[in-house]
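Both chains are sitting in their own frames, so use the hints and assemble them into the complex.
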Amino acid sequence: MEHYYQREIETAPRETIRALQTERLIATVRRVYDNVPHYQKRMDEAGVTPADIQSVDDLKKLPFTYKQDLRDTYPYGMFAVPMKDVVRLHASSARPASRSFVGYTKQDLDVWADCCARSIYAAGGGPEDIIQRILWLRAVHGRAWHGRRGAQDWRYDHSGFERQHTAPDYDSKGFRLKHPLLHAVLRAAHGGGLTRKRAEQGRPFAQGGHLWRRTLDERNAQADRRPARIKAFDIYGLTEIIGPGVAFECAEQTGMHVNEDHFLIEVIDPDTGEVLPEGTQGEIVFSCITKQAFPILRYRTRDIGVITRKPCSCGRTLVKMTKPRGRTDDMLIVRGVNVFPSQIETVLLEKGYSANYRIVVDRSANIDSIEVEVEISGELMSDTVRGIDRMERELEAALGSLLGIAAKVKLLEPNTIERSIGKAVRVVDKRKLLD
Amino acid sequence: MVQQISVFIQNEPGKLALLTSALAKGGIDIRALSIADTTDFGILRMLVNNASLAKNILEKQHYAVGITPVTVVAVPDVPGGLAKVLTLLSDGGIDIEYMYSLIGRGEDKAYMVFRISDEPKLVELLSAHGISAVTQEELGIR
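If you're matching them up, the sequences are chains A and B in order.
Every letter in the first sequence is one number past the one before it in this note's numbering, and letter 359, counting from 1, is 359.
Every letter in the second sequence is one number past the one before it in this note's numbering, and letter 105, counting from 1, is 105.
This is chain B alone, in the form it adopts within the complex (with noise of 0.2 Å):
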């Protein structure tokens, strides 16, 4: 399980960039980013190498930040292995409430976040099929 922060942006120019200034300011590295946006708002997600010095330094200018538990995977970087991996998901029952992929990958590994509602189900059947999720050690983030 890795922690995620997600911040509450409304669409106006620049914002992103201020947001990621105040990061670079604080020596905050950005492992994984994705953006849900609709007409009003956005829900920017990330990972990154200090979860709570991030909150910290993002709240300190105002912004709202949530802190949530995500999965990350290493998906075989090959054509075809995000789909079996997507595929044991859809079979064994579990929603995908949105999912991302970290930037870099590994040697022969892609790395893929999943947010869903049932976090131990999806160990339990990632294990099962010998895929194990990734820690927050192994991706040197804390």
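So here's chain A without its partners, still in its complex pose (with noise of 0.2 Å):
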């Protein structure tokens, strides 16, 4: 039986979500526009007027919003309610240059906890239920989900869950996790140790972005031939638009269903800005449109999707989009933190190496690894193993602490790395972000 935490709206008629995205769309940029400088400043130049903007199809005569606007607007600028209505205030992962910092109203929130109610239910989960939710140590002070709903909803950190023996003592039904720690559960589900729900209530469910639902199936498989004993679903989110739960799995699995009542969705052709048709893979492009503190508008979020709206057999009417398939510019998503070449490059230059290198991204055992190619110079050499093994060691530390995450360091003879015009080659990503 297929649970739906807002019936109405997810399983609504085409036409009935038309209508109210028209009217919320409306409201939205009538709002900003008087209430954000850069929104009036930028429809101005666009020559785009509120009234221009009369139903639902008229959202691509808006102008872009890129993540440079945010940096431009950095930390309040692009907020549309007195600071005394913001209720909380989050911060992307990312290094400061690049951080995403945004604000939540009250209403905003209970959004947000509406979008991840409609994904633990969507997955099995219910009002009875014990959901998990194992954060990074480092997000538990820095962001944090909320999605109180229905479900009990706990939260600590990874250290904690890998020293926590006494899981099924909890009846846990969900996890709600980053993708680096799905490891720590497939041992404790494996284990036996996770949960002590049985078959017929149906099997315990792991969410997560960034979780690869393949691996995670073929780990089960593997598993002693016994039934899969966890099953994964994939949630989608950026902390621009709300965080997790702009989009959500269901038990069919082809494709997250975007909560399309709240956030609009739009594939572009990355170069032309041009709308593509559904089923043409392009930039996935979002739009808030019942946000208060923080309504984005056409958002570029660099990623590469496709979206459908073949019906599904889950009976939810919300459109689908793929996972992202890959990244319009070269940022890297490592271990859930933002990595930029460019940050690299300047670890490398300060430390008197050439700005020769490359950057392996792979993964193995369910964890990201980056690993960062340079090349040695005649100045720096040693004639010793451990000199050469200093050096190394000296720039992952300097890289380590730069970025946020562990990077190895793999030096390399010089003139080795290829020659390049373009900045492509200097990322090779062997991770299969593709289904």
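No lab work stands behind these hints, which were simulated from the structure alone.
Some hints could be false.
Unchecked claim - BS3-like cross-link-like pairs, simulated, lysine-lysine; straight-line CA separation at most 25 Å:
(1) B:LYS84 - A:LYS410
(2) B:LYS84 - B:LYS121
(3) B:LYS15 - B:LYS55
(4) A:LYS351 - A:LYS408
(5) B:LYS121 - A:LYS410
(6) B:LYS55 - A:LYS351
(7) B:LYS60 - B:LYS25
(8) B:LYS25 - A:LYS351
(9) A:LYS430 - A:LYS410
(10) B:LYS109 - B:LYS121
(11) A:LYS84 - A:LYS61
(12) B:LYS55 - A:LYS410
As structure tokens, then:
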């Protein structure tokens, strides 16, 4: 039996959704035009007035919002409500230069909680269930998921989870986590130490952004041919839009349903900005139509994906998006942290290395790894292995403190990394991002 | 004190053949050689008849080349000859970073290359025991 948290909207006819989207978009555009100088300026420059937005089809008339706009208006320039109405502030995991900094009103948090609750219900959770949220240690301070709706909800850091031998005591039905923590949950699941839920109560589930379901399913299948003990569901979200909960997977697992009564999704040609038809791959663009504090319009996510409105067996009519198939720029997301090649270049140049480097991102045992290959020079040459090792460790320390995640450094002979005009070959991403 | 060249080489088949061929074309005579190897890379250390020429040749081939002073010691070519010198160093509190031997030997001497952090101390210790470091001239290299 399919569970819905908000059945009426999740299964609404297309026309009902469109009417709601139109009404909300018109109101949001009017509001940001009046309250956010940045939007007023951009719309004036584009020759668009709030009166030009008559329906959801007019969305394409609005100018795009880029990450750079957020940097230019950092920290409060894009807020559309007085600070007295902002009840929570969040910063993304990126370093200050590229950090996203957003705010939420009470109503925004309610919307977010509804979106999270929809995803929990879609994964098989319900009001009686215990949901454990396992966060990166750092994330406990920096960023939290607000998901309390119907289901009991905890959070604690992953080190706590790893040491947590009493998980079955809590009979948790679901786990919401960051992808790097998947291995800990899996280990516990296959050790039988995760939950006492019996088969008749349905399999427990794990939900997360960047949660590679296929990896989990393969692991499940290998585990002594026993029936899979845990089922993984992808969820998608960006700090700029609302956080995790923008889109979620249902039992059909052929894409993620977008909460399109709150967030409009478009797929565009990243070069021309033209809106692409359903089924065509392009850059994903989101607009918030209910957000109060930080109502971003036509935000260029740089994520590459496809949307489809094919009917879904779960009964939801919400549009579906594929999980991101890549990035339009070369920003890398490694273990949930945004990594820019330019940051790495800065460190190398500071330490006297050449700017010829290559970043190799890989995944093994469900953990992302990042290795930076750097050319050694005669000036830096050491005659001992210890000397070379020390150089590598020093670079690793410098990169680690700048990036916020551990990176391995490998020194190479000069002139071995392919010289190129473009920047693309600087990054070799061996992870299977494609389905 | 003798100038040693050290070259960074990735662990790949055929690397050494390429490198030594380049030196051969330049008329470089390798007098001593050792390789420190790790999983990913190796450090090739050499005493050659002309260190600066060898460095130029290798740099033209895009190798990272360093020059390091090392000490060459003539060790009595009899059983226990090396042990005696090493015991001297050990008693004198001198740590050896690495050592290797010269290709070919003198009439009654074997030549050992020592890389240690405190060069003057080594020379002093050796001379106090009647052993002198071998010069580049004696080895016919420059």
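Status of the hints after comparison with the structure:
1. B:LYS84 - A:LYS410: Distance ~40 Å between LYS84 of chain B and LYS410 of chain A Cα, so the pair is violated.
2. B:LYS84 - B:LYS121: holds, 17 Å
3. B:LYS15 - B:LYS55: holds, 17 Å
4. A:LYS351 - A:LYS408: holds, 16 Å
5. B:LYS121 - A:LYS410: violated, 35 Å
6. B:LYS55 - A:LYS351: Given pair LYS55 of chain B, LYS351 of chain A holds - Cα atoms ~24 Å apart, limit 25 Å.
7. B:LYS60 - B:LYS25: Given pair LYS60 of chain B, LYS25 of chain B holds - Cα atoms ~13 Å apart, limit 25 Å.
8. B:LYS25 - A:LYS351: Violated - the C-alpha atoms of LYS351 of chain A and LYS25 of chain B are around 35 Å apart, more than 25 Å.
9. A:LYS430 - A:LYS410: Holds, at about 17 Å.
10. B:LYS109 - B:LYS121: Within the cut-off at roughly 22 Å; holds.
11. A:LYS84 - A:LYS61: violated, 32 Å
12. B:LYS55 - A:LYS410: Answer holds: LYS55 of chain B to LYS410 of chain A is near 24 Å, not above 25 Å.
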